[in-house]
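Participant: For reference, the chains in residue letters:
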Amino acid sequence: MQDLRVLDDAHAKAARREVYKVTIILSILTIVELALGYSMVNMSEQSFSRHLIKGIILILMLAKAFYIVAYFMHLKHELRNMIMTIVLPLGLFVWFIIAFLADGNSFRELRNKYAPYDQESNIPVKQNQHSEQEKGTIELKKAVE
Amino acid sequence: MSTTTATATTKWWSGGRSPFNVEYGKIMMWYFLMSDAFTFGALLISYGTTRFATQGWPDPNHVFNSFPGLGSGYPLLFVSLMTFILILSSVTMVLAVQAGQNMNKRAVVSNLIFTIIGGLAFLGCQAWEWTHLHHEGAWWGRNPFLNADGTQSTTNFTNFFFTITGFHGFHVFSGVVINIIMLIMTLNNTFEKRGHYLMIEKAGLYWHFVDLVWVFVFTCFYLV
Chain A
1 MQDLRVLDDA HAKAARREVY KVTIILSILT IVELALGYSM VNMSEQSFSR
51 HLIKGIILIL MLAKAFYIVA YFMHLKHELR NMIMTIVLPL GLFVWFIIAF
101 LADGNSFREL RNKYAPYDQE SNIPVKQNQH SEQEKGTIEL KKAVE
Chain B
1 MSTTTATATT KWWSGGRSPF NVEYGKIMMW YFLMSDAFTF GALLISYGTT
51 RFATQGWPDP NHVFNSFPGL GSGYPLLFVS LMTFILILSS VTMVLAVQAG
101 QNMNKRAVVS NLIFTIIGGL AFLGCQAWEW THLHHEGAWW GRNPFLNADG
151 TQSTTNFTNF FFTITGFHGF HVFSGVVINI IMLIMTLNNT FEKRGHYLMI
201 EKAGLYWHFV DLVWVFVFTC FYLV
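Line by line, the protein sequences give chains A and B. Using the numbering used here, you'd call the opening residue of the first sequence number 1 and step up by one each time. Using the numbering used here, you'd call the opening residue of the second sequence number 1 and step up by one each time.
Warning: the hint list may mix true and false statements.
Said to hold, decoys possible - Label-pair distances were calculated between CB atoms; the ranges are:
1. Arg17(B) <-> Leu36(A): 32 to 40 Å
2. Ser46(B) <-> Ala63(A): 36 to 44 Å
3. Thr151(B) <-> Tyr20(A): 44 to 52 Å
4. Ala127(B) <-> Asp9(A): 41 to 49 Å
5. Glu45(A) <-> Ser46(B): 15 to 23 Å
6. Gly137(B) <-> Asp9(A): 52 to 60 Å
7. Ile98(A) <-> Phe167(B): 43 to 51 Å
8. Val109(B) <-> Ser106(A): 34 to 42 Å
Worth flagging that the hints you see were computed from the coordinates, not collected in a lab. Small disclaimer: the values here were computed from a predicted structure and weren't measured. In this text, a Cβ means the ideal position worked out from N, Cα and C, and glycines have one as well.
The following block holds chain B by itself, in its conformation from the complex (with noise of 0.2 Å):
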């Protein structure tokens, strides 16, 4: 912290540094996560537009109201315990970009580990999600849900759920994998010889993406 306020008046612009104090590939990671919360934002507000447009809309609650061994009628539990996986594994990647920061080899292999079981586990949950609801029906193209007032549906709902959820769910599984190649390549003493952890940052600011994106999609699709 005291760093940064004794540079405060340094002249960021007149070269011979990085004007935003921030590493040349974290940077371009931002600006690849801008681009992406742009896909996103145009699949969730294309989402809503076609709400907006359609007469009637199935109750999520209804939809989404089955648990694993319970069966059906525990509207919203399965989907809270899918974003406290994606929290919490999004709590131990910050532990290890922190890990990585005070060069704890150790530390950085036990959170990237927790983090990929997280990121698994989330994946299996959205796996079992989508085989119960194509057995109840539920596809591109087929919707057996009604709208909250009983009116037939459309297949607009069933469309963008899976459309959204399906982008979602290839990002978590593009951010595992990253996190299992970060692994290897700690284990490996890549970063040890390198002499900094910069890159789990970077694979750190991606998986927090996922788990915001997450922040939207559940949202929009669960509770709204």
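Bound-form chain A, shown alone (with noise of 0.2 Å):
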């Protein structure tokens, strides 16, 4: 019984340095996501190296969802079927996103060819309509430099 009670306790530690440890794993993860967040303020909407970091805060952000899964929610150490019965319905995600987002996209290239004249991008911008945002934005441009 005595024997018992310690394997528990290290059992016990054990489960506490993984928590500790996906702890560190997640704000590190997070930090970068921000500083590569922070680095697009100034990159021009349309450039590769935007679209670059884009791609790597995806990835990031998957990452960090795994960490949370498997470990805070406790699901790698279940059973492999109860695993499976989990994950294998969201794997249709994948083919959700791929379908849909080109979906989007082609939409609004078949709009810009044929119906150009039903663009959002024709409305006239108000004047003075958010000095409030400018201004921010001014702000961080001096900041920045």
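Please dock the two separately framed chains into a single complex, following the hints provided.
Facilitator: Encoded structure:
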């Protein structure tokens, strides 16, 4: 009985160490994500480097999701059958994301080609509409310089 | 760990035991969370589709650049605070679950209290941010922000932002309520009498799911 108690304590300690380890990993991933997000502040919207950074951020996001589900939600330590009954249905998202984003993109391209007069970018910008945001942007640019 | 390796050759499907080696309520919580993941996934994918179908989009670094007491010009600062609050409250929730597995009532109570405080702090941050954006003129159907290229933006941006962060905030609110109920049940010795703290584990799964969704919402709205 005494031995079992010691084993339990060791197990609890190992579990707690795992929690601290995952906390540090999640914090580091978040800080890297934020640094990357901040580095995009003055990049032009359609530049290649901006798209590249966005891609890296999305990969880091998936890594964070993995650590939360696997360790905090304990799914990694469940039986394989249990893991698969959760993970396989969510695999549908791969198809959803590819199909729907491609659809949105194609809709925009078709509209630009066949109905250019219907673009929302043709809405005229109202004067003084958002001086607050402009001010923030200027301050931001100063801060970055 | 040693018990799972010993039972690796067990015939899980020949009856008499849970083939997933998980308690019934916990499996059902997992399946509920899976359905909730599809709901959030549908919202975020419709956001992505609309964003791809729209000419321009506001730059989040310019929209979300305020911090209470400091004014504007601090991109990502406030949302980093919110993210760390939610991650830390998730950590204290794991510690509460582990304390429950060791039948340590004191540690369960203190960690649950930390988790509840974290949840309330997150809700407070979100309330401040919504109020601030509302003062700037943003709301459902109203978008004062310009696209990144300086052209007029559509209301798609604010509609999706308030709908999705609102739905997530509603989940955080429900999570806080559930955690408060767990705290009251722990203080009433309900779990002590039952002989196990499995209920805390189910509440914990829900709370981690809320944190998980925030990882996606945070990335999709504030970073990308």
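Participant: Hint by hint, say whether it matches the structure.
Facilitator: We went through each hint and held it up to the structure:
1. Arg17(B) <-> Leu36(A): 32 to 40 Å: 47 Å, violated
2. Ser46(B) <-> Ala63(A): 36 to 44 Å: 25 Å, violated
3. Thr151(B) <-> Tyr20(A): 44 to 52 Å: This hint holds: roughly 48 Å between Cβ atoms.
4. Ala127(B) <-> Asp9(A): 41 to 49 Å: Roughly 42 Å apart at Cβ, these two residues keep to the hinted range, so it holds.
5. Glu45(A) <-> Ser46(B): 15 to 23 Å: 22 Å, holds
6. Gly137(B) <-> Asp9(A): 52 to 60 Å: 58 Å, holds
7. Ile98(A) <-> Phe167(B): 43 to 51 Å: 24 Å, violated
8. Val109(B) <-> Ser106(A): 34 to 42 Å: 55 Å, violated
When held up to the earlier numbered hints, the structure conflicts with 1, 2, 7, 8 and fits the remainder.
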